[in-house]
Amino acid sequence: MRADQPSGGGALNLSAFLLNGRIGRTAGLGSPGAPNRRNTELSLLAIAVLLPMLAYANVGLALDRRLPAGMLEYGLGMGALALFAHLVMRRFAPYADPLLLPLAMLLNGLGLVMIWRLDKAGPLLPNNYPAAANQLLWSGLGVALFGTVIVLLRDHRVLQRYTYVSMAAALVLLAAPAFFPARASDFGAKIWIHLGGFSIQPGEFAKIILAVFFAGYLTANRDALALASRRVLGLYLPRGRDLGPILVVWVLSILILVFETDLGSSLLFFGLFVVMLYVATERTSWIVFGLLLAVAGAALVGSAENHVRVRINAWLDPLAAFGPHPPAGSTEQIGQALFAFGSGGITGTGLGQGRSWLIGFAAKSDFILGSFGEELGLTGLMALFAVYGLIVQRALRTALAARDPFGKLLAVGLGSALALQVFVVAGGVTGLIPLTGMTMPFMAQGGSSVIANWVLIALLLKISDSARRPAPEPTRAVGA
Amino acid sequence: MNKPIRRVSVFCLLLIMALLLRTNWIQGVQADSYANSPYNDRVKYDRYAYPRGNIIVSGQPVTSSAFVNGYRYKYKTAWTDGAMYAPVTGYSSQSFGSNQLEQLEDPILSGTDDRLFFRNTLDMLTGKQQQGGDVVTTINAKAQKAAFDGLGDKKGAAVAIDPRTGAILALVSTPSYDPSSIAGTADSDSAAWKSLNADPNQPMLNRALRQTYPPGSTFKLVTAATAFETGKFQNIDDPTDTPQVYTLPGTNTQLNNDNPDEQCTNATLKDALAISCNTVFGKIGAELGGQKLLAQAQKFGFNSTVDTPIRSAPSVFPTNSSPDGTAMDAIGQHNTAATPLQMAMVASAIADNGKLMQPYLVDEERSANSTTISKHTEHQMGQPISAATAQKLQQMMVDVVQNGTGRKAQINGVEVGGKTGTAQHGQDNSGLPFAWFVSYAKVGDSAPVAVAVVVEDGAASSNEISGGSIAAPIAKSIMQAVIGQ
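Protein chains in written order, with our numbering: chain A, 1 to 480; chain B, 1 to 485.
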């Protein structure tokens, strides 16, 4: 480990450890000067609950000219979730970043409101069914899991022990959808596992587990990857045998793309690995190498896979599907999303007053951003992107502050995975890049997504807690 | 490890920045083109999101907006006497778009016109419901009803113009349709739309403005006007040099009169018009030549469209016929074709001493609270004939009604001038003739109304003279409705 953090005197640290106990105390009881920001978090949480409540009331007034009947229950429910999460934080992660939890809670709440709003569109939205209540349930489950991770995961470094278990788990999760029959409602992308009445998107969980695996693997092997290299044309080229892992991940991404026709996950996993590899080795050559592989892979699959080609065509000419003679296989989706964004304009139509149900299929999930764009306008969308940006930056600050390489790598991985996912989804929906089927973290309909992302936030908060804890714990032998 | 983390952090910021730039681009710069795209269904829904303005005839709205509170459409347009007013208003359908005034005046009717911006903003601030503006037409409800009832279940069209201003007083086309029947999205609307489009009688065709017919003998007015304007004849009582049977120049084809008993040999212009001699006007036309007839016809508006604002089909006078063809063109057969509007314009110019006023249908555009947004200003299209020529033609037309083929258009105590027409058409003129009547009525020194009526399949057999018996009574009742008799 490089000298990222000054390590204080061992005796002092030990005494602080004994004073504070193994588990952090509640606010105000930490050692003097130790920034405990739980009160900040609490006031921000209040806003994060209040804002979606106002949005909820707004939708009700716009659609039914009265406050929604479920106003009280929703408010109490969200308030209880926020309070629970906060109390868990106070007790078990008192020094963690104060922004992450309120930001996630805000996005989750706004997403719920928009899903409820689209529920209200009734038959205007094809295959519409009430989803808000279920989503609230999933959110509750997500927050419960969040609490479980905060309480049970006493130290994030424990995860390093499970590096290769994680790898196996990730492989199973990634491969699983390919062996389950796809349903018609999946529209080509095999990213679900259907079990009875439930559908799970394993990719959402694989994102986190892969970050754990990469962090563990790179912590153990980064020196070999960084130092043993030849310099050619100003770039440090890795040795042939060190290329192994990156090639394996590359092939895996290609396989996901080909067998599960899931461009988004493929991009996300490969991008995640390249970023973490770069951070672990500090070698720019890995980025160049990764980009080359990505371009090669994209060209290879793009020329062979019809599914990918259709997406690219829809991106190049989003309005091609309209008019009297749409080309075969074209889709109106992107065009409809662009119409929603355009009709929203700068200030939006106001919640409940847009017609984003015209987007049709996936309006509540992948395309929920279109609804926000239409009803909250450019102003609201920029605020949402700012919230996502803040989450990502808090995650990366956590990485900077983390005291162990595994924690650093894991935080970078989780933060940049979130950034990549937001970019890939929002970029696809707004027509910046070809569309890939992925969900907007915290806002889109879908249990897997919201649960996985709450776990992601919990992990970040655990790393943050240990990073900001005033007295570093004595190093314990963990993992490799 | 911190240096690469900072770089990754900058990279992630760049990703978010790219998204911010992209949304600014599509929601700021390009927003309008997406919002108003013809493929964006919101445009369609917005037109019926609040009450549309109405089209007003003689102070009464003939359209109305009903609050139907559908999922997609909140309002639906309905018509009073839809079939009678369809050629004026056109349709405005949730499923099938719109046409004619409903389409051309849509910015006012749906309230999106830039000139309504101030009022719309005010409504938004005061929380008042937005509402479209009204369009006031020039149509005279009584004249419209007279024309519509007169045509009855016959196929045809009628146009009445106020020659002094160009205001269109009646605009009727039959068979017609009720735009209310296709205004919505129900299955019945689709069924009605389908059957209207499949109907061989074309009920949605605006015959008054958009169908051209051979004008037949009514075109003799233009030929006579050319003869006076070019100086070939000075006086309506000058005898013409006309044989009993006129052989078309360069051919052996003989041109006959409809009735062989008629006194057309060397008849005066006045008498020739009164009994509608083909030989007289065919020969005059051939002698004048195609170019002079063309120049005169174009001054009346032939060969160009008129935006009333509903655009008319251009009437046709051929630009290069052989001499025998020109003789036939001159009596409104062969390649000559005219819309009812065009023949009303000819009558209108004659009645108003040679001045041709721009025909118009929309008098005023108003906001929802009846503030005038625009008002039509009269505009003279041209002076196709001199006042002297106009007066000669008026005398001849009065004679047609007094002593000739147009007796059925006589109105007690009112000076009425007219001209009948029975136009042959079809292969070897086998189709039933089109019955025409164009006329004007004068009260004192000014003519408040000029009319053109055409009835398809105007007679039981192709030989029967029909303009005077079928079309003239309809024209008469329209004129009576306008002058209040």
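Since the hints were derived computationally from the structure, they do not count as laboratory data.
Please note that the accuracy of each hint is not assured.
[Said to hold, decoys possible] Pairs of lysine-lysine, DSBU-like flavour, derived with a Cα cap of 35 Å: (1) A:Lys120 <-> B:Lys194; (2) B:Lys355 <-> B:Lys154; (3) B:Lys375 <-> B:Lys442; (4) B:Lys44 <-> A:Lys120; (5) A:Lys120 <-> B:Lys128; (6) B:Lys408 <-> B:Lys154; (7) B:Lys44 <-> B:Lys232; (8) B:Lys44 <-> B:Lys299; (9) B:Lys128 <-> B:Lys299; (10) B:Lys155 <-> B:Lys232; (11) B:Lys74 <-> A:Lys120; (12) B:Lys375 <-> B:Lys355.
[Stated by the list, open to error] Here chain A is said to cover these stretches of chain B; the calculated rule only asks that three of the stretch's residues, wherever they fall, bring their Cβ under 8 Å from a Cβ of chain A: (13) 343–351; (14) 392–399; (15) 412–421.
All residues carry an ideal CB built from backbone N, CA and C; glycine is no exception.
Evaluated hints:
1. A:Lys120 <-> B:Lys194: holds, 34 Å
2. B:Lys355 <-> B:Lys154: holds, 33 Å
3. B:Lys375 <-> B:Lys442: With Cα atoms ~27 Å apart, B:Lys375 and B:Lys442 stay inside 35 Å; holds.
4. B:Lys44 <-> A:Lys120: holds, 21 Å
5. A:Lys120 <-> B:Lys128: holds, 25 Å
6. B:Lys408 <-> B:Lys154: Judged against 35 Å, a Cα distance of about 18 Å means the pair holds.
7. B:Lys44 <-> B:Lys232: Distance of about 59 Å is beyond 35 Å: violated.
8. B:Lys44 <-> B:Lys299: Answer violated: B:Lys44 to B:Lys299 is near 41 Å, above 35 Å.
9. B:Lys128 <-> B:Lys299: Judged against 35 Å, a Cα distance of about 51 Å means the pair is violated.
10. B:Lys155 <-> B:Lys232: Given that 35 Å is the threshold and the Cα spacing comes to 39 Å, the pair is violated.
11. B:Lys74 <-> A:Lys120: holds, 16 Å
12. B:Lys375 <-> B:Lys355: holds, 22 Å
13. 343–351: violated (count 0)
14. 392–399: violated (count 0)
15. 412–421: violated (count 0)
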